[in-house]
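Enquirer: Please build the complete structure, drawing on both the sequences and the hints.
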Amino acid sequence: MKNPFVMGCGEFRISYRQDMAIYKIPRVRSRVIIILTLFLIYPILASPYYISLATIAGIAAIGAIGLNILTGFTGQISIGVGAFLGVGGYTSAILTTKLGFPFWVALPISGIITAGVGALFGIPSLRLKGLYLAMATLAAQVIIIFIINRWDSLTGGTAGLVVQRPTIGNFSFDSEISYYYLMFVFLFITTLFTMNLFRSRVGRALVAVRDRDLAAEVMGIDLFKYKIIAFAVSSFFVGISGSLMGHYTLVISPEYYGIGISIEYLAMILIGGLGSVMGSIYGAVFITLLPVILRELMNLLGAFFPDLTAVFAGFREIIFGAIIILFLVYEPEGIAKMWRNLKDYFKIWPFSY
Amino acid sequence: MAKWSLLGLLTLLFVGLLAGCGSSSTSGGEKVVKIGGIFDITGATADVGKPYAEGAKAYVEYINSKGGINGAKIQLIDIDYAYKPPQAVEAYKKLVQQDKVVAILGWGTGDTEALKESIAKDKIPYISGSYSENLTDIAKAPYNFLGAATYSDQARSALKWIKDNWKGSGNPKVALIYNDTPFGKSPVEDAKAFAKDIGVDIVDEEVVDLKALDATSQLLNMDKAKPDYAIIQETWGATATILKDAKKLGIKTKFIGLNWAAGEGLITLAGDAAEGFIGVIPHAFVHETDLPGMKAIEEYLSSKGQKLADKNQKFVQGWVSAQIMLEGVRNAGDKVTGETVRQGLEKLNNLDLGGLAAPVTYTPDNHRGTNKIRLAEVKNGRFEIFTDYIGY
Numbered sequence: 001m002k003n004p005f006v007m008g009c010g011e012f013r014i015s016y017r018q019d020m021a022i023y024k025i026p027r028v029r030s031r032v033i034i035i036l037t038l039f040l041i042y043p044i045l046a047s048p049y050y051i052s053l054a055t056i057a058g059i060a061a062i063g064a065i066g067l068n069i070l071t072g073f074t075g076q077i078s079i080g081v082g083a084f085l086g087v088g089g090y091t092s093a094i095l096t097t098k099l100g101f102p103f104w105v106a107l108p109i110s111g112i113i114t115a116g117v118g119a120l121f122g123i124p125s126l127r128l129k130g131l132y133l134a135m136a137t138l139a140a141q142v143i144i145i146f147i148i149n150r151w152d153s154l155t156g157g158t159a160g161l162v163v164q165r166p167t168i169g170n171f172s173f174d175s176e177i178s179y180y181y182l183m184f185v186f187l188f189i190t191t192l193f194t195m196n197l198f199r200s201r202v203g204r205a206l207v208a209v210r211d212r213d214l215a216a217e218v219m220g221i222d223l224f225k226y227k228i229i230a231f232a233v234s235s236f237f238v239g240i241s242g243s244l245m246g247h248y249t250l251v252i253s254p255e256y257y258g259i260g261i262s263i264e265y266l267a268m269i270l271i272g273g274l275g276s277v278m279g280s281i282y283g284a285v286f287i288t289l290l291p292v293i294l295r296e297l298m299n300l301l302g303a304f305f306p307d308l309t310a311v312f313a314g315f316r317e318i319i320f321g322a323i324i325i326l327f328l329v330y331e332p333e334g335i336a337k338m339w340r341n342l343k344d345y346f347k348i349w350p351f352s353y
Numbered sequence: 001m002a003k004w005s006l007l008g009l010l011t012l013l014f015v016g017l018l019a020g021c022g023s024s025s026t027s028g029g030e031k032v033v034k035i036g037g038i039f040d041i042t043g044a045t046a047d048v049g050k051p052y053a054e055g056a057k058a059y060v061e062y063i064n065s066k067g068g069i070n071g072a073k074i075q076l077i078d079i080d081y082a083y084k085p086p087q088a089v090e091a092y093k094k095l096v097q098q099d100k101v102v103a104i105l106g107w108g109t110g111d112t113e114a115l116k117e118s119i120a121k122d123k124i125p126y127i128s129g130s131y132s133e134n135l136t137d138i139a140k141a142p143y144n145f146l147g148a149a150t151y152s153d154q155a156r157s158a159l160k161w162i163k164d165n166w167k168g169s170g171n172p173k174v175a176l177i178y179n180d181t182p183f184g185k186s187p188v189e190d191a192k193a194f195a196k197d198i199g200v201d202i203v204d205e206e207v208v209d210l211k212a213l214d215a216t217s218q219l220l221n222m223d224k225a226k227p228d229y230a231i232i233q234e235t236w237g238a239t240a241t242i243l244k245d246a247k248k249l250g251i252k253t254k255f256i257g258l259n260w261a262a263g264e265g266l267i268t269l270a271g272d273a274a275e276g277f278i279g280v281i282p283h284a285f286v287h288e289t290d291l292p293g294m295k296a297i298e299e300y301l302s303s304k305g306q307k308l309a310d311k312n313q314k315f316v317q318g319w320v321s322a323q324i325m326l327e328g329v330r331n332a333g334d335k336v337t338g339e340t341v342r343q344g345l346e347k348l349n350n351l352d353l354g355g356l357a358a359p360v361t362y363t364p365d366n367h368r369g370t371n372k373i374r375l376a377e378v379k380n381g382r383f384e385i386f387t388d389y390i391g392y
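Chains as they are written, first to last, in our numbering: chain W, 1 to 353; chain R, 1 to 392.
Just to be clear, a hint being listed does not mean it is correct.
Stated by the list, open to error - Just so you have them, the derived chain W footprint on chain R, three or more residues with Cβ under 8 Å:
no., region
1, 83–89
2, 92–98
3, 107–119
4, 174–183
No wet-lab data here; the hints were simulated from the structure. Because the structure is a prediction, the values reported are computed rather than measured. Even glycine gets a Cβ: it sits at the ideal position worked out from N, Cα and C.
Expert: Structural data, given as structure tokens:
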């Protein structure tokens, strides 16, 4: 029996299959499977409220992974995520409520339509970079929300649309547990797809575009094509996330897709780690749970100092902002990098020199 | 391997959460009825949301100091959602699933409308600060109750008053000013339809953001149509902006604000510009000290070392909303659940609110409560009521 506290000191691969694996060491593989199992049995152990928090975080993670494909891996900044979530949500809502499509058809279509809209707004990315592109995607945000607000007959205007939970036969995903598993399946597929995307030719090309687009073009990468691909694939997952979220909250209205949401998603990938799939998940969990934890903390303090309750309400926003700033200053590569540092530390511990 | 950290992070966060939640369960042997509160203390409508929340909390505290309801203490678990619907959904889930509340006092139109499906499914009676006409549809919102006249009814009453008091020639010309949220747009269609019926011309519509600090372009636009009156559906902040800019531009239109636009805070913000402004007032002002209902508020405040003058009409509004909800709890009897509270509320017939608001009546097929409002005009920096409770 191998000593579980001893780290492996080398990998010896004897087949292409082993070389291609995402998790190359058997011990790590089994650990991943154990953690996945833990997440699978999580809803059985937790109360409905904690399941719902996990579901919201998980759906946000799908969108964050989508945004990370574009911003973290391809280097194209986007402030239009909120609106693209809206495109996904509204497509799904309109297809299911007005045209009577089942959820299972509407979900992929909403992903595809969002991909199309995303690609459309990605066209300027050939000419525009950095801040200029940020402004262009900000325009997308404003235009899309304006259309949603004003096209009353299709979108219900500011009142929004009421949607239903998905069903299979007689089974409806009404309960928190069932929706958690639905989210889990999609999050798993998204994670797996994205991890593999960046081991493929297309993914490598996207990373090359991020690192130095001129050099990438010299190497024969069609910049326009790959930038559009990045916008489309990214928006696809954002659309899926929007649709899932809409069917979870049961109502879709323009207030869910404001500029604030776009910034929140950017914060997720920045704090989680740019260019990291797992980082997107950490970031989504962090940003989703931080306000909740701060609220509980402030309530707890408020119980001891009742006169200061109003002050604590304001404090919450300040702490939220401060945590984000401190993160960006002290660990710009996010939670993913913090985790890597921790692993590296223990790998060579106690002989760190 | 990286998945470890996700688990670690989650555990860490949940431990924090659990530690945070531990404090809320203080039953200590006596009966407790848990009520939820989803308020806006720090968001876009915090100008009116904060006093409203204070009023609601104050009533619960007052009733507890009187021994509670049917021998049970009332616990109000309130959450500030900063006027963000996604946070309202999360707060709602916490209140219903974690705290197991039997009823909720809510706030905004957008989030109340967003939650009505869940409210119906979870059977949670819900009285919010939103008086949207959409919430009166029993088939779609069977657990929503309205504590005052709907925005549409308020606008109709105002239009009717305009028509009745019109002395000029032809039809009176009216403009509508609102914001691009479910709250702002709520009365617009109904107001237009009603105006057409009674012969009032809606000549212009302008959109002014809830947090707007400038409304000159919209007002100049509006002035081209020369409306005699303009009906404002905003909160204090935007209304003050509109009144100040109108004064600056010398616009002669008479402004009428619906419930959330009117109140003492408006005068503080708008100063002189508020003179002559007419407010639609569903609830009493704190300076109406001769009302019997005001005695209870005064009694509560003096026990806290405060005076009525420190509070405002939105405080009364929150107080009344909580009072209506708790009367429902009282009628629910010993077995307090969402369903019995709903039945309890539906038993309320001409509930006397001591003059703080028009009496409310609910029946199993009507949750409107009332359609009566009063009108008040700002004179010398003070709202003076000049009508009795009127409808349309």
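Enquirer: Counting residues of the region 92–98 of chain R that have a beta-carbon nearer than 8 Å to any beta-carbon of chain W, does the count reach 3?
Expert: holds (count 4)
Enquirer: So is the region 107–119 of chain R in contact with chain W by the C-beta rule, three or more residues under 8 Å, or is the coverage claim wrong?
Expert: Per the Cβ count (6), the hint holds.
Enquirer: For the region 83–89 of chain R, do at least 3 residues have a Cβ located nearer than 8 Å to some Cβ of chain W?
Expert: holds (count 5)
Enquirer: Using C-beta distances, would you say chain W covers the region 174–183 of chain R, given that this needs three or more residues below 8 Å?
Expert: holds (count 3)
Against the hints set out earlier in the document, no violation occurs for any number.
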